[in-house]
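Those protein sequences? They're chains A and B, same order as listed.
If you read the first sequence in the numbering used here, its first letter stands for residue 1, the second for the next number, and so on.
If you read the second sequence in the numbering used here, its first letter stands for residue 1, the second for the next number, and so on.
These aren't lab readings, by the way, just hints derived from the structure by calculation.
Any given hint might turn out to be false.
Claimed, not checked - Listed next, the stretches of chain B that the computed footprint assigns to chain A, with coverage defined by at least 3 CB atoms under 8 Å from CB atoms of chain A:
#1 39 to 53
#2 90 to 98
Claimed, not checked - Okay, derived cross-link-like pairs now, DSSO-like style, lysine-lysine, Cα gap no bigger than 30 Å in a straight line:
#3 Lys57/B / Lys2/A
#4 Lys99/A / Lys9/B
#5 Lys71/B / Lys45/A
Just so you know, these numbers come straight off a predicted model, no measurement behind them.
Where a beta carbon is used, it is the ideal one built from N, C-alpha and C, also for glycine.
Below are the chains, spelled out letter by letter.
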Amino acid sequence: RKEVEQDPGPFNVPEGATVAFNCTYSNSASQSFFWYRQDCRKEPKLLMSVYSSGNEDGRFTAQLNRASQYISLLIRDSKLSDSATYLCVVNTPGGATNKLIFGTGTLLAVQP
Amino acid sequence: DGGITQSPKYLFRKEGQNVTLSCEQNLNHDAMYWYRQDPGQGLRLIYYSQIVNDFQKGDIAEGYSVSREKKESFPLTVTSAQKNPTAFYLCASSWSYTIYFGEGSWLTVV
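Based on the sequences and whatever the hints tell you, model everything.
Written as structure tokens, this is what we have:
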């Protein structure tokens, strides 16, 4: 089982739709969780951190479920500009340093 | 502006040549990283450094070398021993477990 797993998609949705991505992680000791956005041929950029209580930033909502070991990202009222790959990142203690594990990403294509 | 600067953005290498990718940050971050990304795959860790004059191998260090002589700089050398070096290389630094990336360098072997 991979340490961090995401549905690769693509998710093809019309403008205005609500779309949700899940990401599962295998190490129950994982401590920090993030969603990054990566545009085609660009570097990943931090979208939002994920807190135990859940957090919202405009049209984006992130949730953490420790019991089931997954995090989610909900995008409401999708825009064409939301089209990108969304990477799940999990920070897990290990050895002398914490270790960041990246999912392979979920591709979102918002259609006009 | 604070950030991470990678150069060159595009680089072509002949087989058998070593090439060095530059990474400079002015964020005052202690930790720096090099990742490789291949099409359709996630980021894979090549090397990381938690402090000046110290660095550790990541998951795919073979064929690569690094140095960390200054806090701001973490250059990556892709040696001729790296069998399949064509990829997108990302340098990053982190603070409080949040990681920030440079714009990346595209390396192509010709």
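Taking the earlier hints as the rules, which of them does this structure contradict? none
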